[in-house]
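Protein sequence lines, in the order shown, are assigned to chains C and E. To convert, count from 1 in the first sequence and add 2; that's this note's numbering. To convert, count from 1 in the second sequence and add 25; that's this note's numbering.
Read the hints as simulated data drawn from the structure, not as lab findings. Computed from a predicted structure; not experimentally measured. Glycine included, every Cβ here is placed at the ideal spot set by N, Cα and C. Check the hints yourself; a few may be wrong.
Claimed, not checked - Under 7 angstroms between C-beta atoms, here's a sample of chain C residues computed to sit facing chain E:
#, residue
1, Arg15
2, Tyr17
3, Arg94
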Amino acid sequence: MGSGTEQEDRFRRVYAGNFEALLAYALRRVDQPEDAADVVAETFLVAWRRSRELPPDDEIKLWLYGVARRVLANHHRGGIRRERLGERLRQRLTAIVTRDPGSEVPQRLAVQDALSRLAETDREVLTLTVWEGLQPREIAEVVGASAAAVRTRLSRARSRMREMVGDDLGSPGHVLDVLTAIVPEEGR
Amino acid sequence: MTDKHLDRMVRDADPYRPDLVARLGGAEQQLLEEIMSTPKLDVVESRAPRRGLPRRLAGAVAAAAVVTGVIGATALLLDQPEGAAPGAWSGPLGLPSSGTGGTGGGYELDLKAAQEHPRLLVGQPGWKITTVYGFAAAEGTIEFVNGNRSVQMNWYKADQYDSYYKDRLDVSKPEPTTVAGTEASVFTYGGGDWAAMLKPIDSSFVELRTSSGWERSEFDALLATVKRVDAKAFLAALPPEVVTPGKVREEAAKVLADIPIPPGFDMSAVNVDGANSPYHFGAAVTGQVTCSWIAEWSRAKEAGDKEAQGQAASALQSSHQWKVLNDMNAEGDWPEVTWDLVDQMIKKNEVPKGYKEGLGCQ
Numbered sequence: 003m004g005s006g007t008e009q010e011d012r013f014r015r016v017y018a019g020n021f022e023a024l025l026a027y028a029l030r031r032v033d034q035p036e037d038a039a040d041v042v043a044e045t046f047l048v049a050w051r052r053s054r055e056l057p058p059d060d061e062i063k064l065w066l067y068g069v070a071r072r073v074l075a076n077h078h079r080g081g082i083r084r085e086r087l088g089e090r091l092r093q094r095l096t097a098i099v100t101r102d103p104g105s106e107v108p109q110r111l112a113v114q115d116a117l118s119r120l121a122e123t124d125r126e127v128l129t130l131t132v133w134e135g136l137q138p139r140e141i142a143e144v145v146g147a148s149a150a151a152v153r154t155r156l157s158r159a160r161s162r163m164r165e166m167v168g169d170d171l172g173s174p175g176h177v178l179d180v181l182t183a184i185v186p187e188e189g190r
Numbered sequence: 026m027t028d029k030h031l032d033r034m035v036r037d038a039d040p041y042r043p044d045l046v047a048r049l050g051g052a053e054q055q056l057l058e059e060i061m062s063t064p065k066l067d068v069v070e071s072r073a074p075r076r077g078l079p080r081r082l083a084g085a086v087a088a089a090a091v092v093t094g095v096i097g098a099t100a101l102l103l104d105q106p107e108g109a110a111p112g113a114w115s116g117p118l119g120l121p122s123s124g125t126g127g128t129g130g131g132y133e134l135d136l137k138a139a140q141e142h143p144r145l146l147v148g149q150p151g152w153k154i155t156t157v158y159g160f161a162a163a164e165g166t167i168e169f170v171n172g173n174r175s176v177q178m179n180w181y182k183a184d185q186y187d188s189y190y191k192d193r194l195d196v197s198k199p200e201p202t203t204v205a206g207t208e209a210s211v212f213t214y215g216g217g218d219w220a221a222m223l224k225p226i227d228s229s230f231v232e233l234r235t236s237s238g239w240e241r242s243e244f245d246a247l248l249a250t251v252k253r254v255d256a257k258a259f260l261a262a263l264p265p266e267v268v269t270p271g272k273v274r275e276e277a278a279k280v281l282a283d284i285p286i287p288p289g290f291d292m293s294a295v296n297v298d299g300a301n302s303p304y305h306f307g308a309a310v311t312g313q314v315t316c317s318w319i320a321e322w323s324r325a326k327e328a329g330d331k332e333a334q335g336q337a338a339s340a341l342q343s344s345h346q347w348k349v350l351n352d353m354n355a356e357g358d359w360p361e362v363t364w365d366l367v368d369q370m371i372k373k374n375e376v377p378k379g380y381k382e383g384l385g386c387q
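Just need the whole structure built from these sequences, with the hints factored in.
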């Protein structure tokens with residue numbers, strides 16, 4: 003890899019190009035929004051410290067997701083010491099994310115509850131598919147499994163979800179109408 | 026329900042809102058700077074690592090999978106002398122170039138040190154200095170606090186001005202102003218958070234950065250009172266507990282009172298450059314001792330000297346009882362980083378990777 007300056011410039015590009023995706027990834031998977039700041043900070047810190055060995059640009063996002071996944075696993079295990087980076091990001095996230103009435107919509111809660119009852123890896127492949135928009139082969143890279151295994155898990159996750167929420171929520175059209183009506187406008 | 030319907034339903038339960046980043050008010054940019062100001066464990070750069078925002082990391086000890094808060098090792102990593110003995114301390118080294126060698130001098134020594142860097146203070150009443158560190162060279166940090174408001178002044182090397190200025194252009198459009206008679210640019214971070222970057226004078230430039238939640242008028246009012254002072258006034262404004270060069274010897278002796286001293290470690294040579302709050306001073310001194318003990322442990326292990334290795338292990342384990350570390354524990358993570366590192370080393374019977382960077386050893 004090139005000089006320190008080139009690495010710094012590349013890191014800035016990697017950060018700018020992937021910050022939102024990583025923040026979204028983290029926010030979707032933590033209980034408290036401020037915890038997402040820690041996950042994002044720690045993930046990019048790993049990337050910064052490995053500036054010399056980062057994968058090529060077209061693979062970097064999946065690599066970051068993979069790091070974030072391990073960071074998150076440590077986070078959920080608890081007891082891991084965290085870098086105190088991103089205090090301002092923590093404050094901002096707490097201020098703007100916590101009081102979102104959209105998260106209180108019963109149907110959304112039901113779906114999230116069902117998601118939480120999926121096996122961990124099933125949930126991960128389903129949310130990586132739907133929220134992060136990844137293909138099975140990409141998910142395979144993030145979670146360290148084969149693409150075939152990911153497809154199997156995805157299929158299983160969907161059918162389990164159907165079992166859990168299908169009857170409760172009525173027709174999908176109805177659900178979507180309700181959600182569309184209630185999810186609040188942002189920009190408060 | 027088809028896969029498509031199911032996926033839409035899950036998508037609608039997505040806790041993330043896509044416009045969130047626009048409302049972060051620059052917090053993401055600050056995080057970038059914080060990250061890029063931390064040392065890279067695996068890279069020896071040909072130029073000194075940048076110092077970014079001053080809520081310093083106390084150093085990262087990757088092997089122990091712990092990392093820390095608050096201060097120090099980033100700063101400690103900056104001034105590594107070339108050719109230092111392996112395992113030797115490479116952090117702040119007193120005032121070796123000033124010819125005093127830290128041998129007494131007291132107030133005069135402090136004065137001399139203070140004269141070597143620009144001195145700005147907040148002139149508004151009610152502001153108290155709570156944290157001081159650095160000033161080993163052109164760089165240093167002072168935090169002023171008044172109730173729930175705080176402002177940090179960070180000194181950087183003048184030759185880094187262009188790079189910092191360019192970074193800040195990504196934050197906001199600069200607004201010209203004057204601070205303490207020096208041309209400056211105000212940058213708006215959002216969230217009631219401003220920075221004023223003064224143009225360099227001599228070897229350094231200063232950036233003032235507020236905590237969040239300020240009114241712009243408050244910031245402007247504060248800027249209007251910032252004043253340049255002489256060395257005496259500057260020293261007088263520092264809280265008495267700040268360890269200035271003239272107090273290093275006396276304070277180091279206090280810190281080392283209950284700490285086992287490694288073979289060949291010269292207590293009288295302990296120096297911590299610049300002006301430092303007790304926490305930062307304690308980190309620097311205990312870092313020196315810990316580096317030396319780990320080097321001794323490693324030497325003894327290689328030489329097959331079980332007895333010496335055991336002594337070094339005991340000395341390092343005694344760090345759990347060192348008064349200074351226990352006193353520092355409430356304030357930051359330096360003590361725990363030290364303890365984790367030592368415990369890992371003894372448990373695994375190998376020197377943890379990255380400890381030198383974490384502690385600032387050479």
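Do the hints match the structure? See the list:
Annotation: Arg15 of chain C was flagged as interfacial toward chain E, and the flag is violated, the nearest CB pair being 11 angstroms apart, outside 7 angstroms. The restraint placing Tyr17 of chain C at the interface with chain E holds, with a minimum CB-CB distance near 5 angstroms, inside the 7 angstroms limit. Taken as an interface hint, Arg94 of chain C checks out: its beta carbon lies about 4 angstroms from the nearest beta carbon of chain E, inside 7 angstroms.
When held up to the earlier numbered hints, the structure conflicts with hint 1 and nothing else.
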